[in-house]
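S.K.: What follows is the residue order along each chain.
Protein chains: 2
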Amino acid sequence: VEVRDWTGRFAAEAVGVVRPRSVAEVAQALASGYAVTTRGGNTGLVGGAVPATSRPTLMLDTTLLTGMGPVDDRSGQVTVGAGVPLAQVQAHAEAAGWTYGIDLAARDSATIGGTVATNAGGIRVVRYGMTRAQVVGVQAVLADGSVVDEARGLLKDNTGYSLSGLLCGSEGTLGVITAVRLALHRPPRAPSLGVVPVPSLDAALDVVAAVRRTGAELLAAEVVDAASLALLGESVRGWRLFIEVADGGAAEGLGALPDDAEVGLDAAARRRLWAVREGMTELWGRAAAQAGTVVQKYDVSVPMVGLDPFVAHMRGLLGDRVGVFGHVADGNLHLEVVDPDREWDEEVLTLVARAGGSVSAEHGIGVAKRPWLGLTRSAAEIAAMRAIKAALDPRGILNPGVLLDP
Amino acid sequence: VEVRDWTGRFAAEAVGVVRPRSVAEVAQALASGYAVTTRGGNTGLVGGAVPATSRPTLMLDTTLLTGMGPVDDRSGQVTVGAGVPLAQVQAHAEAAGWTYGIDLAARDSATIGGTVATNAGGIRVVRYGMTRAQVVGVQAVLADGSVVDEARGLLKDNTGYSLSGLLCGSEGTLGVITAVRLALHRPPRAPSLGVVPVPSLDAALDVVAAVRRTGAELLAAEVVDAASLALLGESVRGWRLFIEVADGGAAEGLGALPDDAEVGLDAAARRRLWAVREGMTELWGRAAAQAGTVVQKYDVSVPMVGLDPFVAHMRGLLGDRVGVFGHVADGNLHLEVVDPDREWDEEVLTLVARAGGSVSAEHGIGVAKRPWLGLTRSAAEIAAMRAIKAALDPRGILNPGVLLDP
Chain L
177 VEVRDWTGRF AAEAVGVVRP RSVAEVAQAL ASGYAVTTRG GNTGLVGGAV
227 PATSRPTLML DTTLLTGMGP VDDRSGQVTV GAGVPLAQVQ AHAEAAGWTY
277 GIDLAARDSA TIGGTVATNA GGIRVVRYGM TRAQVVGVQA VLADGSVVDE
327 ARGLLKDNTG YSLSGLLCGS EGTLGVITAV RLALHRPPRA PSLGVVPVPS
377 LDAALDVVAA VRRTGAELLA AEVVDAASLA LLGESVRGWR LFIEVADGGA
427 AEGLGALPDD AEVGLDAAAR RRLWAVREGM TELWGRAAAQ AGTVVQKYDV
477 SVPMVGLDPF VAHMRGLLGD RVGVFGHVAD GNLHLEVVDP DREWDEEVLT
527 LVARAGGSVS AEHGIGVAKR PWLGLTRSAA EIAAMRAIKA ALDPRGILNP
577 GVLLDP
Chain Z
177 VEVRDWTGRF AAEAVGVVRP RSVAEVAQAL ASGYAVTTRG GNTGLVGGAV
227 PATSRPTLML DTTLLTGMGP VDDRSGQVTV GAGVPLAQVQ AHAEAAGWTY
277 GIDLAARDSA TIGGTVATNA GGIRVVRYGM TRAQVVGVQA VLADGSVVDE
327 ARGLLKDNTG YSLSGLLCGS EGTLGVITAV RLALHRPPRA PSLGVVPVPS
377 LDAALDVVAA VRRTGAELLA AEVVDAASLA LLGESVRGWR LFIEVADGGA
427 AEGLGALPDD AEVGLDAAAR RRLWAVREGM TELWGRAAAQ AGTVVQKYDV
477 SVPMVGLDPF VAHMRGLLGD RVGVFGHVAD GNLHLEVVDP DREWDEEVLT
527 LVARAGGSVS AEHGIGVAKR PWLGLTRSAA EIAAMRAIKA ALDPRGILNP
577 GVLLDP
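Here the protein sequences come in this chain order: L and Z.
Reading the first sequence from the start, the letters are residues 177 to 582 in the working numbering.
Reading the second sequence from the start, the letters are residues 177 to 582 in the working numbering.
Keep in mind that the hints were calculated from the coordinates and are not lab data.
Even glycine gets a Cβ: it sits at the ideal position worked out from N, Cα and C.
Watch out, some of these pointers could steer you wrong.
[As the list claims (entries may be wrong)] Partial selection, computed: residues in chain Z whose CB lies under 10 Å from chain L:
1) V179
2) W182
3) F186
4) A188
5) E326
6) T335
7) E393
8) G532
[To be verified] Anything over 12 Å on all C-beta distances counts as not near chain Z; from chain L, calculated:
9) E201
10) H268
11) V302
12) A359
13) V371
14) E393
15) E438
16) V439
17) A445
18) R453
19) G461
20) S477
21) T526
[As the list claims (entries may be wrong)] Pairwise CB distance ranges, derived in the manner of DEER restraints:
22) Z/S376 / L/A555: 27 to 35 Å
23) L/T242 / Z/R530: 29 to 37 Å
24) L/A445 / Z/G273: 30 to 38 Å
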């Protein structure tokens, strides 16, 4: 069967697709003799869920692992099957009076297992951390069919290595995640949004710092550049900063915003503005399609002090072929390059490396960024990762071709 | 030279003690041909920093790795040498207008490297998580002398496995941590303390849940039992719950406390009450010395619903030979057993296992809990850990005898 990722950039043949309903059926697939590529909601951006090897490969689709336990009101925890969509976990938590710390635009399709396997980020990282920080423990089937289970609901358990911390972000190369135990938070009170025009990312960070100094609970700090807003027909200079805080905010947090900030927005206006931010990926996708190409996507982080110089270098390189938006308070920018004529991976990612940054802040390596792993990680680090991979998957059957494999 | 842990329970001969001042000197020690046991502030409770092998072993003391960078006000991060005491990190953060999420009684001696190597917990876990949640990245020297460095200050970096997450909690068996990059928090506003007599741990958890439902920011929820308070000459029934929230609390969080709670305490009263909670370990140590023995210490976690039944079973077993205190909202209890006549490890830890709990919630395995690792972790999990250990330390030179070694 042909397997294709949602962006259409990655495609391959698989010998078949299995949809296990239990840990035992996952172990059975791993004993099949085939290599196994695991797929959740097929929303990844680096081609990590498409077979990337010439070996005969079985697609393991986790979407039928859909068990979901009750929210434990005392611990604020819940156990969820790997195949449950993120939005369903969010709704389940909210119905019980809690909130899940991760939110991202692909919430309706992305599975919780996929978000854990890739250590997903999104717009709430500035408040709650990345997915690894939400995971109390993971249940997973290892390459040899054995089951590790740290999803038993203990908030604290210092009995040996954190296998969950290792599996989280391993992109399916060390085990197949079958269920996760998640820590939830009490929902923030009365979130309110401010929208601020800023001339630079430095200026955006100054605004964020001023808001934080008030002691307000910062929920999100997102930027969108003029090139992206121009696609919506808006003519602005510099950047637009979206900043969200809890607890009304007008009195304290958002009171620290400059005079030209828009605050006191009603719910409809807030939704409309967030839709702008969330629509960016699709917007640039359409722009690329009109130009007869696909977007060249980069998801990079750079130390805070280096953000503006990095953007200036990139604009010098690409001019108006690049759009920039992202999570400014995490030093994490998404770049969308539209150029039908050539690829820019080497130039863009070399700029990132020179700035001391990461070639993948939150999307992972998959196959798309594999050639560039060495720009961010040292030979010693990659050797350590390969040693761990060889130890846990000596036959190399889990997601071959993804992340580390040559 | 003779090496002894601070409790006096563990002692061994080492061929010598080295105090490296740099990554290169750490690598040199690892190339010495000896096994290497790493020690920070010598405040551990499970004997993990005393040679536990018959092989000639070098003590590697990290206390001269004392570099400390400035707090980056934009990211709220700081890079700290492994040998810096926890209290110094806390003071450094506070001087810059931030706070570090970990606090524990041994703060003046415990090194930050030791707290990361053991994934230390303490009284702020309910608010900020354990040490792993504070660690942005670790710099460490691996057994082969190579250096991994995830302490470069990127908040987000999804380029391969989290070696930091693995090293954190590995008790010196996978690498020698030389520096860490930590994420700080803005300090909570106006912390206030309530002290509540409660008849059971269930009742304590109900109080915690009521306070949380107000939306108040919970900073700590600690319990001390009547047997412990009796050592201070106080005659009470049941438990005393210490609950701390941010933001004044009287109006909301602490307003949810029952009528017999003490609230509105001044700073001196708060300090005195925290000193009671923090003095518990030494208090039981003195009680044991008077009885001509040493304390048998257990640091266990149990799923929330099983806390009271577990305590009842344990009291049935031990009567007034056991004192209990700990972090009730984490399901984490510290048990101190004073019995000159016999050891209780097997009975106590079997009760923990039957309750689905962990034989080490925050203190780690070291050598003291090594025989009981299999009560909490499955054979598959221990096999996976051993495979990782063999991959990263094939000569078995790092902390032999600790955690996993037979």
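S.K.: Compare the structure with each hint and give your call.
M.R.: So, going through the hints one by one against the coordinates:
Taken as an interface hint, Z/V179 does not check out: its beta carbon lies about 23 Å from the nearest beta carbon of chain L, beyond 10 Å. Checking Z/W182 against chain L by beta carbon gives a least distance of about 19 Å; that is not within 10 Å, so the hint is violated. The closest approach between the C-beta of Z/F186 and any C-beta of chain L is roughly 18 Å, which is over the 10 Å cut-off, so the hint fails. Interface restraint check: Z/A188 against chain L, minimum CB-CB distance 22 Å, threshold 10 Å, status violated.
Evaluation of the Z/E326 hint against chain L yields a held restraint, the C-beta minimum of about 8 Å falling below 10 Å. The criterion of a C-beta within 10 Å of any C-beta in chain L is met by Z/T335, whose closest approach is roughly 5 Å, and the hint holds. A cut of 10 Å between beta carbons decides the hint on Z/E393: the least distance to chain L is about 8 Å, and the hint holds. Taking 10 Å as the C-beta cut-off, the interface hint given for Z/G532 holds, the closest approach to chain L being about 6 Å.
Distance check for L/E201 against chain Z: the nearest CB is about 17 Å away, which clears 12 Å, and the non-interface claim stands. The Cβ of L/H268 sits about 18 Å from the closest Cβ of chain Z, beyond the 12 Å cut-off, so the non-interface label holds. In this structure L/V302 is not separated from chain Z by more than 12 Å, as the shortest Cβ-Cβ distance comes to only about 9 Å. Chain Z draws L/A359 into its interface by the beta-carbon criterion, the shortest separation being 8 Å against a cut-off of 12 Å.
No Cβ of chain Z approaches the Cβ of L/V371 within 12 Å, the least distance being about 21 Å, so the stated non-interface status holds. Not every Cβ of chain Z is farther than 12 Å from the Cβ of L/E393; the closest lies at roughly 8 Å, contradicting the non-interface assignment. No beta-carbon of chain Z comes within 12 Å of the beta-carbon of L/E438; the shortest separation is about 24 Å. At roughly 21 Å, the least C-beta separation between L/V439 and chain Z is larger than 12 Å, which holds for a residue marked as non-interface.
For L/A445, the non-interface assignment is confirmed: its Cβ lies about 25 Å from the closest Cβ of chain Z, beyond the 12 Å cut-off. For L/R453, the condition that its CB be more than 12 Å from all CB atoms of chain Z holds, with the nearest at approximately 17 Å. The beta carbon of L/G461 is kept farther than 12 Å from every beta carbon of chain Z, the shortest such distance being approximately 22 Å. At the 12 Å boundary, the C-beta of L/S477 falls inside the reach of chain Z, the nearest C-beta of that chain being 5 Å off.
With a cut of 12 Å on Cβ distances, L/T526 stays outside the contact zone with chain Z, its closest approach being about 15 Å. The supplied range of 27 to 35 Å is broken by Z/S376 and L/A555, whose beta-carbon atoms lie about 56 Å from each other. As the Cβ distance of L/T242 to Z/R530 is approximately 31 Å, the hint placing it in 29 to 37 Å holds. For L/A445 and Z/G273, the hinted distance range of 30 to 38 Å is satisfied, since their beta carbons lie about 33 Å from each other.
Going through the hint list in order, the structure does not satisfy hints 1, 2, 3, 4, 11, 12, 14, 20 and 22.
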